[in-house]
Amino acid sequence: MTKIESMLGAPAGQKVRVKPDFIVLNDGDAHQAIDFVEVGLANPEKVRIFIDHDVPSGDPKGSFIYQKLARLSKSHGISFVYGQGIDYQLMLDKEVKAGHVILSGGRHASYYGAVGALGLNLDPQELANALVSGEVDLIVPGTVRVNLTGRLSAEASAIDLAIQLMCQFANEFWKDLVVEFSGPALSSMSQKEKAILCAMATGSGAIAALVSDETVDARQNTLNFDLDQVVRVSALPGSQGKSFANYHCRKVQDLNDVELDAGYLGGLLGGHLDDLRQAAALFKGKRIALGFRLTICPATMAVYLQAMEEGLIDIFIDFGAQMVSPSERSYNKQGVGVIGHGEKLVTNGLYNDSGCQGVNDADIYLGSVETVARAALTKKFN
Amino acid sequence: MDRTFSGKIWKMPDDVDTDTIIPGKRGTIPNIKEMSNFAFEHLRPEFAATVQPGDIIVAGKNFGCGSSREQAAGVIAAKGVTCIIAKSFARIFFRNGFNSGILLIECDKIQDLCSDGDVVTVEVNQCVRVNGHEFPVKKIPDNLFEIVQDGGLVNNCRKRLGLAKEVK
Amino acid sequence: MGYTIVEKILKKNAGVDHVVPGDIVITKPNMFMIHDIYTCYLKDVLEEIGAENIDDPDRVTIVFDHCMPTAVATNDSVHYQAGLDLAKKYGIEKLHIGEGICHTLMHEKRYARPGEIATATDSHTTTYGGAGCFSTGIGTTEMAVALITGELWFKVPEAIKVVLKGTLKDHTLAKDIIIKILGDIRADGAQYKSIEFTGSGAHQLSMDSRFTIANMALEAGAKCALFEVDEKTAAYYDIPLSTIDWVKADQDAVYSQVLEYNLEDLIPQLSCPQGVDNVHDIVEIKGQKVDEVYLGSCTNGSIEDMAIAASILQGRKVADYVRFIVAPASNHVFKESIRLGYMKTFIEAGAVIIHPCCGLCCGMPYGLLHDDEVILSTANRNFIGRMGTKKTLIYLASPAVAAASAVLGCVAEPSDLYMA
Chain A
1 MTKIESMLGA PAGQKVRVKP DFIVLNDGDA HQAIDFVEVG LANPEKVRIF
51 IDHDVPSGDP KGSFIYQKLA RLSKSHGISF VYGQGIDYQL MLDKEVKAGH
101 VILSGGRHAS YYGAVGALGL NLDPQELANA LVSGEVDLIV PGTVRVNLTG
151 RLSAEASAID LAIQLMCQFA NEFWKDLVVE FSGPALSSMS QKEKAILCAM
201 ATGSGAIAAL VSDETVDARQ NTLNFDLDQV VRVSALPGSQ GKSFANYHCR
251 KVQDLNDVEL DAGYLGGLLG GHLDDLRQAA ALFKGKRIAL GFRLTICPAT
301 MAVYLQAMEE GLIDIFIDFG AQMVSPSERS YNKQGVGVIG HGEKLVTNGL
351 YNDSGCQGVN DADIYLGSVE TVARAALTKK FN
Chain B
383 MDRTFSGKIW KMPDDVDTDT IIPGKRGTIP NIKEMSNFAF EHLRPEFAAT
433 VQPGDIIVAG KNFGCGSSRE QAAGVIAAKG VTCIIAKSFA RIFFRNGFNS
483 GILLIECDKI QDLCSDGDVV TVEVNQCVRV NGHEFPVKKI PDNLFEIVQD
533 GGLVNNCRKR LGLAKEVK
Chain C
551 MGYTIVEKIL KKNAGVDHVV PGDIVITKPN MFMIHDIYTC YLKDVLEEIG
601 AENIDDPDRV TIVFDHCMPT AVATNDSVHY QAGLDLAKKY GIEKLHIGEG
651 ICHTLMHEKR YARPGEIATA TDSHTTTYGG AGCFSTGIGT TEMAVALITG
701 ELWFKVPEAI KVVLKGTLKD HTLAKDIIIK ILGDIRADGA QYKSIEFTGS
751 GAHQLSMDSR FTIANMALEA GAKCALFEVD EKTAAYYDIP LSTIDWVKAD
801 QDAVYSQVLE YNLEDLIPQL SCPQGVDNVH DIVEIKGQKV DEVYLGSCTN
851 GSIEDMAIAA SILQGRKVAD YVRFIVAPAS NHVFKESIRL GYMKTFIEAG
901 AVIIHPCCGL CCGMPYGLLH DDEVILSTAN RNFIGRMGTK KTLIYLASPA
951 VAAASAVLGC VAEPSDLYMA
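Protein chains in written order, with the working numbering: chain A, 1 to 382; chain B, 383 to 550; chain C, 551 to 970.
Bear in mind the hints are in silico, worked out from the structure with no lab data behind them.
Note that the Cβ used here is the ideal one computed from N, Cα and C, for glycine as well.
Example chain B residues on the side facing chain C (calculated, C-beta under 7 Å, incomplete): (1) Glu452; (2) Asn478; (3) Asn481; (4) Arg540.
Listed below are the simulated BS3-like cross-link pairs for lysine-lysine, each with C-alpha atoms no more than 27 Å apart in a straight line: (5) C:Lys836 <-> A:Lys74; (6) A:Lys286 <-> C:Lys894; (7) B:Lys469 <-> B:Lys443; (8) A:Lys68 <-> C:Lys941; (9) C:Lys578 <-> B:Lys521; (10) B:Lys443 <-> C:Lys730; (11) C:Lys705 <-> B:Lys491; (12) A:Lys380 <-> A:Lys333; (13) B:Lys520 <-> C:Lys561; (14) C:Lys894 <-> A:Lys192; (15) C:Lys705 <-> C:Lys578; (16) A:Lys175 <-> A:Lys15; (17) A:Lys344 <-> C:Lys638; (18) C:Lys659 <-> A:Lys284; (19) C:Lys562 <-> B:Lys521; (20) C:Lys940 <-> A:Lys333; (21) B:Lys469 <-> C:Lys705; (22) B:Lys407 <-> A:Lys61; (23) C:Lys941 <-> A:Lys74; (24) C:Lys941 <-> C:Lys836; (25) B:Lys469 <-> B:Lys390; (26) B:Lys541 <-> C:Lys578; (27) C:Lys659 <-> C:Lys578; (28) C:Lys638 <-> B:Lys541; (29) C:Lys940 <-> B:Lys407; (30) B:Lys407 <-> A:Lys333; (31) A:Lys74 <-> C:Lys839; (32) A:Lys68 <-> C:Lys839; (33) A:Lys242 <-> A:Lys192; (34) C:Lys659 <-> A:Lys286; (35) B:Lys541 <-> C:Lys705; (36) C:Lys705 <-> B:Lys520; (37) A:Lys192 <-> A:Lys284; (38) C:Lys798 <-> C:Lys659; (39) C:Lys561 <-> B:Lys521.
Using the sequences and the hints, build the whole thing.
Following this line, the structure appears as structure tokens:
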């Protein structure tokens, strides 16, 4: 049995009716679900509202969405959290456990797969149906297993690993399937690292992703990947409206003719405490390259507070970066961190669609914390 | 600019603000000549199409109040209006006006004695005359009159730089 | 024959013995500041003129604060690049990119100095009058020429004297003083004039308080706003008082108007929708629901403002469904606020912290609101449409009122918290 089959209690291909443990609404895509809801909610106590994208609102529309979600919260007594950081991390920090089923909008609910929970991304109509009925009907998806061996070297990170995996496997192997990560490498990986893999799997087309500590059955549909081979890479820019259109990445050394204009360090993939410590170590006593702009976004307020305590924020300020309030900004078209026509951004964000940061003719490169940090020092990939 | 000149009057009220002169949303039009086609579009819709170079604006108090937007003066000058007579001018418009090559004259006596289309005569530093009435005006500072004669601050500056090059 | 503060500063810089209001003097400003809204236009004018050099690049600073961090995609990077191009072409080294608001940096960096002249492409340049610096805004074309020639003409203004007596009561602040004055003299009440602050009450005010008042005096149409120099000014600039104590009004100076205020009688004031001079006492507005509170701007983003707000928010939470945005005015204020625990207090209360910049004050994407939402801000303008849609309502108030209102979710003053 695959993990998803055991979680949903049915084999791949069978229809099941699932009662989620949580339904998470935010001001990204999920809020649109409310527009389809005309009657009451089945289980308001299971709903969680987070304002975590447009913080503070970069457009009056953002406030309109805030008020829409606030009204839902007030009328049903639903938990309402504003500006505390990215909802996936907040839920993981507070509530989500192995075996939970969580429904969301967006594309990265598989972040919860790191703890063996099932995060599913639904479109607004499907979310609305789930809000009203308290259930969702699914066809149990097929699974592809990814067997991870080896260890990440000191310079390689989970982001580099995720990019390489995605470029190698996503297009051909995992669309509309569940990706189940397993193998001996998992035991040396942190929860954050596993979460990054799972999130990037669905970000590049899988329907869900999970980690499993079950031993791999060689007869099953299995892909193998050795972490020893991971080096620092950048995912190349996607085209407009489509992130990871080409699933191409290159080693950072092979990209050093690219003149970068800006960097985004943080968010769900790069905004955790260890990431900020790593960046601060690279920045301490130095100044940002003239002509490069860097915004730094801790993933949650808890991280922000701890980073303040450790003097990391001071280092970032002195370096010449600008701090952003914890939020999910990868697809904000107006607000801190957007770039201009023809500019090149290297980011820890979740998307590389050329239009995701405000203009349709920008190049968005994805890279690790170290890649973004080094770019801030030199304006280049190195 | 001559020391004595005449022009046809466009009468304007008190407190004409910079948004009335040129709405903020027109501020992104790339050049001033095009932008000037919207000058006074809400207050005097016929202005842009029918104003003639040499026409003179006669206004009430606080002309040009509101934002420091230079284009408010720029669009008036772009239409060939190089003189405004008003009871008073807002501070930053006063600077921007001269810098755009417009002679700004303070006079609070003629407003009730003239209408649109009348001809007013200006004798710089001496008086203004309309419909048989004559009123004295204060001296315009020499440096400001020179800026107007040069057609604005940019030309005035170019002229000064030119002189500097010769001396060197 | 006595002189006003502005007459003294202008005639000294212009090198003339005597001036009266209405005279034109040619000055050589000591400091020129450009911020990033105007970098592209300034670059265009300088190219149109064809100047290869500017008079003195050391007297020039470019501050990137309105469009930095970049938040409007099609615009901000263009303004940013133009600023870098200007700096490179004309040898301007004093660049401050994403370090805070221009008017705060001008006095923090001691660029604007007592008895000297500073000018900038911005209206709230009057701020440094808090340190007895004659400072006023000019347009872009004029700035271009002034940079090339090093000269700027001024018409000597008339002056209004404001005498402040007594001491402010608890939680009534400098912001309340200037809002009160604006309500009394209205938006054109000081048109073209120098507002000059004297009296024991003025001398009791801290430097940050003086900058707050001078900043917002612009909203009465003032050409400049000047405080007399004293030991506080000397200490702030770390220079001997004897070198700057001439920056004060003579007893027999001629003022067009004298206003007196007894600070003990003052209670918190608000500028209400939709004009800065639509001023009401807090008792008339208390209870008005708010959706968002903004603490920051060049008017009230100082460490003193952060301290006051933090003391009120300590151990308290922002009201449900109310957003509270904190924008320290500079990197220095940001770091000090971290060190002193204010940021922790704000975050624990539920605030969102933005990087030092002009932010929401001028309508940049930092908390824009929709129709029928209400914001209470410590900034200096509440024109229609400034912080959201045409139907967003803006109240302006002090940091103390902002903090109390964030906790109660409606317009309130700190004493309301102790009773709640």
